[in-house]
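Peer 1: Chain residues, written in single-letter form:
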Amino acid sequence: MRLSIKWLRQYVQFRISPEDLGQRLTSVGLEVESIEHLGKVFDGFVVGEVIRVRKHANADKLTVCEVDVRRKGTSPASVLQIVCGAPNVQKGQKVAVGLIGAVVPKNQHDPEAQPFVLSKLKVRGEESNGMICSEYELGLGTDANGILVLDETANVGTPLAEYFGLNDIVFEIGVTPNRPDCLSHIGIAREVAAILRKKLAIPKLKIREEKKSNINESISIKIENRRDCARYSARLVTGINVGPSPVWMQTSLKAVGIRPINNIVDITNYVMIECGQPLHAFDYDRIQGKQIVVRSASEGEKFITLDQKEHALSASTLMICDAKKPIAIAGVMGGMNSEISNSTTSVLIESAYFDPASIRKTAKELGISSDAAYRFERGTDPNGTRFAADRAAELMRDLADGKIHKGAVDEYPRKINERNIDVRISQVNRVLGTALVASDVKEYLLPIGIRILKNSKGRLKCIAPTFRPDLEQEIDIIEEIARIHGYANIADKMVSAIDFSGMTTSPDEFHEIRRFLEGSGFSEVVTNSLVDLRMAQMFSDRVVSILNPISKDLSAMRPSSVCSMLQTVSHNNNYGTKDLRLFELGRTYETVRKEEKGHPVPGYAEKEVLALCLSGRREHRGWDSSDKGVDIYDMKGVVEALLNKILLDKFHFIYYDSHSALTEQTIAVEKNGTYVGFLGKVKAELLRKFSIENDVYVSELNVQVLVQSDEGARSYSPSSKFPIVTRDLAFVVERNVLAEDLQRRIVKIGGKLLAQIVLFDIFEGKPLSENKKSLAFSLQLNSSEKTLTEEEVDSVVNGIVADVHNTFGAELRSS
Amino acid sequence: MFYPEYNKTFAMAEFQDSLAQSITSLRAKAEEAARTIATTDALEKFRIEFLARKGSVGQLFEELKSVPPDVKPKYGKLLNEFRIFVDALYQSAKTKIESTSAETDTFIDLTLPGRGLPLGTRHPITQTLDDIKSIFVSMGFGVVDGPEIEDDYHNFEALNFPPNHPARDMQDTFFLDKDVLLRTHTSPVQIRVMKERRPPLRVIMPGRVYRNEAISARSYCLFHQVEGLYVDRNVSFSELKGTLVAFARAFYGSSLKYKFRPSFFPFTEPSLEMDITCFLCSGKGCRVCKQSGWLEVLGAGMVHPNVLRNVGYDPEEFTGYAFGIGVERTTILRHNIPDIRLLFENDMRFLKQF
Ligand SMILES: [Zn+2]
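Which chain is which? The protein sequence lines are G and X, in order. For the first sequence, this note's numbering assigns the number 1 to the initial residue and increments by one for each residue that follows. For the second sequence, this note's numbering assigns the number 1 to the initial residue and increments by one for each residue that follows.
Hints may be right or wrong, so weigh each one.
Okay, the calculated beta carbon distance ranges per label pair [stated by the list, open to error]:
(1) X:A42 - G:D728: 37 to 45 Å
(2) X:P338 - G:D553: 20 to 28 Å
(3) X:I48 - G:R744: 49 to 57 Å
(4) G:W623 - X:R334: 44 to 52 Å
(5) X:N306 - G:S34: 35 to 43 Å
Since the hints were derived computationally from the structure, they do not count as laboratory data. For glycine and all other residues, C-beta sits at the position ideal for the given N, C-alpha and C.
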């Protein structure tokens, strides 16, 4: 449902911004799906008056105009000099002027061009401070040959949007099927009035009828199918002049997406959009026998609707007929044979209530969707038919010179009454968890049209209006109370509402890490955090020592988990287990300056760390395994995989020359510039202190930094649908060239098409000369857009080969 | 075995010259060679000897060039038939080798163990912790932690241990400084959490605590606790009991028998300890339950009004309960581990069992 704010303001006054109004409507269940500022394209365009015109001295076809735009303030001035190329510009014209900074929707010289911004120009020596626009340039039409000349009564300085009546804002509202009352401006105005506590002003009708002609002499209604047509009201208007409807009505209809046709059709549409009651206008003179008969069609009966399509009807189709023939499919679409034409002078306005299920069935069967059927099948107000008919008749009198016959015909054989619904305040509060009292409830319900007849002992006798067919029982009224009270004003209670922010609600925040490591064959250890003071001092100069230790070997808090790890390795080696893959999630402790912030107890820092340890054979020992021992690449591989898993690519390694006191082959890990930890090979002298003979590789990573994830759920990125081309390249380089440097360079030069690169072989020795090595990379090339041709692949590969030759002196190794 | 029969009489009757003789002798040789083919190498050798371009049959085709033109077609036909015959010998030997090699050439011992993957293990303490935490998280408890290095205020004073009160002797303490110590229980986290937040509050606080006690099979200088806390309006003792029973049933099994008995902790009042039927002896009495038939599994109580006041809560408005579960004790009981020190040795032979 498109809602024009300008139109809405006829029924309710409010000050809040359209955006705020949109939010309020959404919060009561009328979801505002979009807000469109209709005149936005004309920001920066105003009505101007050409007050002087002279020929451009240096150009035949150009004129220099002075245009009054009556802008207040000094700059831009009230009168602008504008150079114009149009042949039809003349003094005294009211014209559409684009000011400096305005965005012109269309370019006269290039239909494909983007909108462009007006700036101050000099055109062959003459200053031009804006633009007098053509219909084409404004995007309003196709005429590009001359400027658009506006109505001479237009007010100079008026924003162009306002001049065109486009200073309107339109909401697209997703009206749920239970709310047919909100398929109209008055219906939504009622909601707006209720939520903003404003007065709803429905137009009061004072119908001005002709005294002499009585409608009953001209038409009678006979309802044969009372089940599907509970009510049929009609008005007769004669002496009509069919023509275009006034600009305001056309603008209003266009704003809500309805194409203006002629004043009579426009009026019926206007009234429908206003109050939700679909109307149909028959050319009275084409109705035979002064009679309307509402009956079911006979099976197979043919009928041509006004969109010139022939339909075969079924016995369940409800038809509007005259004495001789069908003239409309009730509630769905009128027929060609009674359509309003330019020569129509008398109009019978139909305003009826049809059974929603019947209309829905017919519309589905015939495959017709119309604004009328859309409303009827959701349920119109059976007691609103007279209002709509009268409103339309009045408008036809005003806008089409019509004369309204005295009286209305109004058959209402099956009266539909308002519903009585009992509402218990206690039940309201029980369901909503609120503490509302009867007066609150009254205050919420009255503005939306629900009256309260009686209030005794917390029991309200409510009367639901007939425009709200969705209100049937107590719970429906409770929902209304909740809506208007505001869902936001109902407390978010749980049995007890716990604020879990800043807590983990997962039983193990390091779950991912643990699972990864267990899956990778690591065994978890839990070690004593108390260690020997002298031992601790080897790892740190900020050791936390214990004043009253049990014994000397438990006299300090460990500053590094490496010492606990080495103790564990030593213990296991002593009992014959040499192949070890261990991890521990635990804390390390150090003293810090008392002033340092962020520590619960000043002067002491605790860090949650992950310790990894590898020692012994690389492979699980078996009949087919190698006896090779682990090395730094095993540890680096584990750390890489772990970091890749939890951090994706947000980490990098830093390579130290082995200057760490405890490890050699040391590699540091950083995440976005923050130190995460290190890995390395434990120095032999340290191993000796623990009586360990095998090499031991350790890593210690700050897990708090690791799991501090700034990412939400990972989003999908599409994989290429095109084949991958693999090329293997072996480069011979100086031995001291770093593999990572070479690889990075290849990745850079390979660009987007290089999907993956793997270093798959390293070779030194004969036949390569001394100080040389060969690094062999496998390159996977792939495009997300197409299948790569041999030439394209060659071009990338050749580019890489040439580049690394220049940067690293790398030679392609001949096979 | 099927050979396409080669018409020997045809060869003998019509051709008496050298070419025919060559064919005759070659045929015998090929038949003999084909019979003895047993390996793919021998098969290949046969192919090269007879069928390759320079092989014996090929040679005969070379000789055909010098045969007079009038008899050439006859010889050609004869040679062709001979080549088809030798080729059939070859194919048949090949089929024989292929059908036998799969079964006999490589013997696969399916009893060999699979190539091993290293198996990681989760420490039994962590397993117990995970299980306890999961149960409480599913009951709507959040998880928070606090520092192991604590001050006297959080570890004792705020928890209603007055200075110099004998209650402090219940927990032997490691000191780092005059007022700084290694926490003796996870209860100080209660104080930190309550001071940071407002009720309703429902958290568990797992963590490592320290006791300055002689290390033995029954006690270690450190262990883990899971502290629990729930503060809200109208939290009752009956709810505490209900929660603990729900936990114990989830952890130890639904058929569990239990009892509550009054106890004393300075920071709760009334306080309780929960015992469950010894699952090792089914309540008959054993070494582990010290013949009582009951195992003490946790301590708990209603948060003392003094504690609530210390954190700025009005005891008239709020009530709460707190509990503490010893993880090592639970682990030892659960896995029937005789010595607590085994948990901290991290011997792979021990760890692999869990
Ligand atoms: Zn027992």
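Peer 1: Run every hint past the structure and note whether it holds.
Peer 2: Each hint, compared with the structure:
1. In this structure the hint that A42 (chain X) and D728 (chain G) lie 37 to 45 Å apart at CB holds, the actual value being about 38 Å.
2. In this structure the hint that P338 (chain X) and D553 (chain G) lie 20 to 28 Å apart at CB holds, the actual value being about 24 Å.
3. Our hint of 49 to 57 Å for I48 (chain X) and R744 (chain G) holds, since their Cβ atoms are close to 54 Å apart.
4. Take W623 (chain G) and R334 (chain X): their Cβ atoms lie about 37 Å apart, and the range 44 to 52 Å is violated.
5. For N306 (chain X) and S34 (chain G), the Cβ-Cβ distance of about 59 Å falls outside the hinted range of 35 to 43 Å, so the restraint is violated.
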